[in-house]
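J.: In order, the protein sequence lines correspond to chains A and B.
Just so we're aligned, residue 1 is where the first sequence starts under the numbering used here, counting upward by one.
Just so we're aligned, residue 635 is where the second sequence starts under the numbering used here, counting upward by one.
Check before you lean on any hint, since a few could be wrong.
[What the hints assert, rightly or not] Here are the simulated lysine to any residue pairs, SDA-like style, with alpha carbons at most 25 angstroms apart: (1) A:K157 to B:V779; (2) A:K484 to B:Q662; (3) A:K324 to B:V651; (4) A:K567 to B:Q732.
Read the hints as simulated data drawn from the structure, not as lab findings.
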Amino acid sequence: MFFPSKEELEKYIANLKQTVNSRKVLVCTGLGCLAKGADQVCQRFEELIAENGLKVELTRVTDDNPEVKKTGCMGWCEAGPLVQIEPEGILYLRVQPEDVAEIVERTLKNQEIVDRLTYQEKRGEEVQQWPLMKDVPFYRKQMKIVLRNCGLIDPEKLDDYLARDGYLALAKIVSQMTPDAVVREVTNSGLRGRGGGGFPTGRKWQFAQVVKADQKYLVCNGDEGDPGAFMDRSVMEGDPHSVIEGMAIAGYAIGASQGFIYVRAEYPLAVSRLNKALADAREAGLLGQNILGSDFSFDITIREGAGAFVCGEETALLASVEGKRGMPRPRPPYPAQSGLWGKPTVIDNVETLANIPAILLNGADWFRSFGTPTSPGTKTFALSGKIKNTGLAEVPMGITLRELIFDVAGGIQNDGQFKAVQIGGPSGGCLTEQHLDLSVDYDSLCSAGAIMGSGGLVVLDQDTCIVEVARFFMTFTQNESCGKCVPCREGTKHLLEILEKIVNGQAEQEDLDLLEEVARVVQDASLCGLGKTAPNPVLTTFRYFQDEYLDHVVNKVCPAQVCQSMKDYVIDPEKCRACAKCARVCPVQCISGRPRVPYVIDQSKCTKCGSCFEACPFDAIIVDWRRKENARKN
Amino acid sequence: MENSKQEQTLVRKFEKVNRILEKHSYNQSDLIGILQEIQEEYRYLPEEILTYVATALGVSPAYVYGVATFYAQFSLKPKGKRIIRVCDGTACHVRGSQTVLKAVREYLGLKPDEDTTPDLLFTVETVACIGACALAPAMMIDDQVFGQMDQEKVEQTLESIIQEEKGEEANVFSQ
Chain A
1 MFFPSKEELE KYIANLKQTV NSRKVLVCTG LGCLAKGADQ VCQRFEELIA
51 ENGLKVELTR VTDDNPEVKK TGCMGWCEAG PLVQIEPEGI LYLRVQPEDV
101 AEIVERTLKN QEIVDRLTYQ EKRGEEVQQW PLMKDVPFYR KQMKIVLRNC
151 GLIDPEKLDD YLARDGYLAL AKIVSQMTPD AVVREVTNSG LRGRGGGGFP
201 TGRKWQFAQV VKADQKYLVC NGDEGDPGAF MDRSVMEGDP HSVIEGMAIA
251 GYAIGASQGF IYVRAEYPLA VSRLNKALAD AREAGLLGQN ILGSDFSFDI
301 TIREGAGAFV CGEETALLAS VEGKRGMPRP RPPYPAQSGL WGKPTVIDNV
351 ETLANIPAIL LNGADWFRSF GTPTSPGTKT FALSGKIKNT GLAEVPMGIT
401 LRELIFDVAG GIQNDGQFKA VQIGGPSGGC LTEQHLDLSV DYDSLCSAGA
451 IMGSGGLVVL DQDTCIVEVA RFFMTFTQNE SCGKCVPCRE GTKHLLEILE
501 KIVNGQAEQE DLDLLEEVAR VVQDASLCGL GKTAPNPVLT TFRYFQDEYL
551 DHVVNKVCPA QVCQSMKDYV IDPEKCRACA KCARVCPVQC ISGRPRVPYV
601 IDQSKCTKCG SCFEACPFDA IIVDWRRKEN ARKN
Chain B
635 MENSKQEQTL VRKFEKVNRI LEKHSYNQSD LIGILQEIQE EYRYLPEEIL
685 TYVATALGVS PAYVYGVATF YAQFSLKPKG KRIIRVCDGT ACHVRGSQTV
735 LKAVREYLGL KPDEDTTPDL LFTVETVACI GACALAPAMM IDDQVFGQMD
785 QEKVEQTLES IIQEEKGEEA NVFSQ
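Construct all of the structure, not just a fragment, from the sequences and the given hints.
T.: What follows is the structure, given as structure tokens:
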């Protein structure tokens with residue numbers, strides 16, 4: 001397969017669409033479903049379809065031989081393995097190999113729905129069920145542009161992408177549009193960088209376009225390092241061609257002939273899928289010299305990261321692509337003027353680039369019809385934490401946090417109580433109940449002290465200690481600080497020390513003032529985005545959960561019962577048989593007693609190691625979480 | 635005799651490195667990729683090889699050492715045959731990754747300052763996020779992801795891998 005011109009490609013796609021089989025069984029083989037046995041489900045389908053195919057072949061061959069595809073991620077990992085039956089759009093959840101026979105028998109042969117595998121919800125006495133994918137609450141409020149193909153196509157087959165109008169946007173621009181016109185279209189669409197900062201993509205392209213240089217570069221940032229984020233991974237694994245097409249278009253617009261995809265080392269599947277897609281695109285003449293017969297040439301090289309969070313920052317990423325230590329440098333000059341090897345370079349995030357083909361195919365006005373005036377389009381979120389539906393969701397900008405958490409994500413698991421939502425990863429902030437009606441767009445989130453970030457969204461419930469969460473994020477940023485600038489290197493270390501003092505119950509009131517002061521300095525004085533945003537989790541949690549900080553510092557109480565130092569081990573005198581087992585295992589010798597008299601733990605010496613608790617054969621040792629009401633005054 | 639044997643192994647050692655360098659056309663900007671392939675070959679980055687790579691690429695050993703120590707993926711100490719990465723990303727952390735880590739370390743009998751088992755079979759690491767948040771708490775053994783772990787599942791998984799390794803060993807001996 002090789003396309004010498006746009007016309008050839010269009011003809012091929014038109015043919016492809018006619019031969020597409022309408023009866024389809026789609027089995028999600030994303031990471032989530034795979035770990036729950038989607039592979040076996042796939043195999044079972046293959047076997048049974050072949051088996052049954054013989055019997056019913058005479059009647060309707062095409063319908064009884066649906067193609068079993070390995071799709072990318074359908075997003076609702078919690079309910080995996082997911083199986084979708086087309087053309088009806090039926091969605092089956094938690095499908096096990098032993099369920100396959102029933103699906104083949106009832107749905108594929110007799111067009112019946114297998115009720116027990118559909119989504120059901122109890123409303124009082126009544127059980128309501130939604131067999132169709134588009135009606136299921138998790139999908140109802142979603143709007144798919146970036147993930148338009150994820151879950152519907154086989155990411156390892158170019159034909160599948162082509163059948164969904166793949167590479168038509170690239171064909172259109174190389175034959176009909178000038179680079180100027182492409183940049184104008186993207187600028188008009190209002191697309192903002194999805195990597196976190198939200199800088200207008202069109203403007204970034206324009207900066208690089210106007211610079212005159214013999215060589216320009218385009219870099220796709222796939223270094224998705226935020227813990228709790230996996231959107232880019234799903235796109236690279238589920239629809240690699242959309243990223244490649246977006247890159248080629250961007251390359252055409254800015255005048256670059258070489259692109260790089262920087263992927264984290266932790267994503268081996270993304271690397272192998274991208275490699276396959278690159279090879280296929282090259283073979284088809286959609287990458288390489290004179291793409292589709294035009295005089296535009298463009299190729300892409302993959303660079304694997306080696307595990308450094310700071311490489312998500314653009315200047316650090318460039319250093320890493322050049323094979324150096326991934327350390328940021330001051331800007332200006334901006335990469336658009338002087339980037340890779342001193343040449344003008346545009347760096348776009350995976351999700352941003354995946355939007356590009358859709359925008360150029362459907363036009364800027366179409367794109368602006370989604371989302372809000374200042375943040376058009378959609379955003380994918382990786383929903384995780386203490387919610388019912390963990391997984392990937394793409395929603396229009398401007399949706400409220402409440403809709404996102406309670407409708408799409410299904411609310412808090414185990415009927416827990418919502419406490420906070422951490423948005424934007426270690427660079428973002430914690431938002432609370434009062435922000436639930438906040439619109440999700442770049443500007444509203446920023447005004448509340450959080451950031452959109454790359455789209456990680458971790459929901460916390462009443463059992464999560466907010467100070468511990470702040471400490472967790474600080475451990476992460478402190479560890480990942482590259483050490484180049486002093487405010488970030490020393491400041492994050494200091495912040496972490498104070499937070500550790502707080503969770504260990506050794507902090508004083510002054511420490512809280514110091515915490516805030518140091519946080520401000522790190523925010524103001526750091527060189528790059530990592531340091532500038534590192535204090536966000538601390539500052540927002542401190543702002544919205546000051547009481548919880550004070551509980552830890554003044555009362556030495558952890559209301560969520562998480563911080564180990566805030567609990568006491570006490571011996572129940574009724575149950576104690578004075579066997580001395582606890583005293584023998586205590587590493588600090590703080591348990592004392594005499595025969596036939598209940599033993600006592602000296603709380604001032606106890607290190608809360610829990611050895612006595614495990615050693616006691618009579619369950620006489622009780623964990624006593626301190627409460628605010630009877631907090632010890634000190 | 636002993637000496638020439640050592641020399642021979644050394645030559646063989648560098649032969650592999652040479653092949654890797656060749657593949658990357660001695661390109662300085664491919665240094666990270668080169669080191670990744672070397673680490674895949676040797677399971678760590680031996681010091682003498684770092685110096686060798688530096689000379690071959692025409693940069694100082696300090697430069698190569700600087701890159702090798704910057705990235706979390708590289709190890710200057712020998713690593714185990716199977717790498718266990720326990721995810722301690724946000725989602726895994728709030729769903730109990732510490733219990734998973736403790737279970738893994740206890741099962742393998744690692745001392746507090748050890749990350750690799752003495753038989754060089756396993757190395758245990760924590761990583762910030764493997765992007766399997768929906769399966770939290772998760773861990774990865776080499777390229778395979780194991781989701782929704784608890785102590786029992788950790789033990790089962792590790793046991794089956796140890797059995798698998800034993801099987802392989804037996805095969806080698808029977809040949």
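J.: None of the hints should be skipped; say for each whether it holds.
T.: Against the structure, the hints:
1. A:K157 to B:V779: holds (24 angstroms)
2. A:K484 to B:Q662: Satisfied, since the Cα-Cα distance of roughly 22 angstroms is no more than 25 angstroms.
3. A:K324 to B:V651: holds (19 angstroms)
4. A:K567 to B:Q732: holds (19 angstroms)
Of the numbered hints given earlier, the model fails none.
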